[in-house]
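From just these sequences and the hints, can you work out the full model?
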Amino acid sequence: MNRTLLVATHNQGKILEYRELLADLPLTVTWLDAEQIDLEVAETGTTFAENAALKAETYARLSGHLTWADDSGLEVDALDGAPGVFSARYGGPGLNDVDRYRRLLAALSTFGPDQRTARFRCVVAIAVPAGPVYTVEGAIEGVILDEPRGAYGFGYDPVFYVPAYSATMAELLPAVKNRISHRALAAISARRLLREMLGYDERERKAT
1 MNRTLLVATH NQGKILEYRE LLADLPLTVT WLDAEQIDLE VAETGTTFAE
51 NAALKAETYA RLSGHLTWAD DSGLEVDALD GAPGVFSARY GGPGLNDVDR
101 YRRLLAALST FGPDQRTARF RCVVAIAVPA GPVYTVEGAI EGVILDEPRG
151 AYGFGYDPVF YVPAYSATMA ELLPAVKNRI SHRALAAISA RRLLREMLGY
201 DERERKAT
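Heads up, the sequence shown is in my numbering, so the first residue is 1 and it goes up one at a time.
Note that these hints are calculated values from the structure, not bench results. You can take every hint at face value.
When the alpha-carbon atoms are kept at most 25 Å apart in a straight line, the in silico SDA-like pairs for lysine to any residue are as follows:
#1 K14 / G84
#2 K14 / E196
#3 K14 / L172
#4 K14 / P26
#5 K14 / P174
#6 K14 / V98
#7 K14 / T30
#8 K14 / T58
#9 K14 / E137
#10 K14 / G153
#11 K14 / E141
Beta-carbon label-pair distances, calculated as ranges:
#12 A42 / R103: 19 to 27 Å
#13 F154 / P113: 20 to 28 Å
#14 F111 / F86: 13 to 21 Å
#15 S166 / G64: 42 to 50 Å
#16 R103 / L16: 27 to 35 Å
#17 A34 / F111: 39 to 47 Å
#18 G13 / P132: 27 to 35 Å
#19 L62 / L16: 21 to 29 Å
#20 P174 / G64: 30 to 38 Å
Where a beta carbon is used, it is the ideal one built from N, C-alpha and C, also for glycine.
Here is the structure:
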């Protein structure tokens with residue numbers, strides 16, 4: 001198997017995080033800009049898994065490399081899972097993060113605290129060029145508050161309360177959030193999947 005892993009992002013900060021996460025695996029981690037890929041894949045799927053797989057398959061075919069892609073967002077039970085795959089576009093074009101979570105709070109204004117259950121979900125897809133696509137996911141459960149709290153994070157973090165930590169995602173220190181978030185949990189599962197795909201045994205690594 002090709003030992004280069006393409007991570008489908010233009011964000012070099014993410015690449016640094018992934019390189020650290022995968023440092024003990026026999027992989028060279030690269031990204032879209034390094035491969036001179038500027039194609040933007042339209043996220044036309046109806047689920048996070050479909051969108052992640054679509055991106056992973058497309059970039060794997062273009063690059064010839066094993067490819068990692070993800071899709072994530074917020075699911076609110078009272079809104080039948082919305083905003084879901086439209087989380088980044090919720091409320092229409094031209095809105096910023098504050099506009100979007102205010103739109104969400106307005107949609108939930110008639111619901112009580114026990115009806116505001118929600119979760120952040122992330123799906124990572126790993127595609128083999130001209131081969132199969134595998135998906136794993138991570139999720140964190142919470143409740144949508146009626147007003148924002150906290151100065152960290154982005155997106156819906158200020159209104160997403162995590163009962164286990166008695167704080168919103170925007171109140172958690174970044175080091176804590178990056179350990180418990182849906183993206184972190186999905187990444188850990190994806191790392192485990194890559195180890196299996198590479199036939200990489202922990203005992204063999206310790207013996208070398």
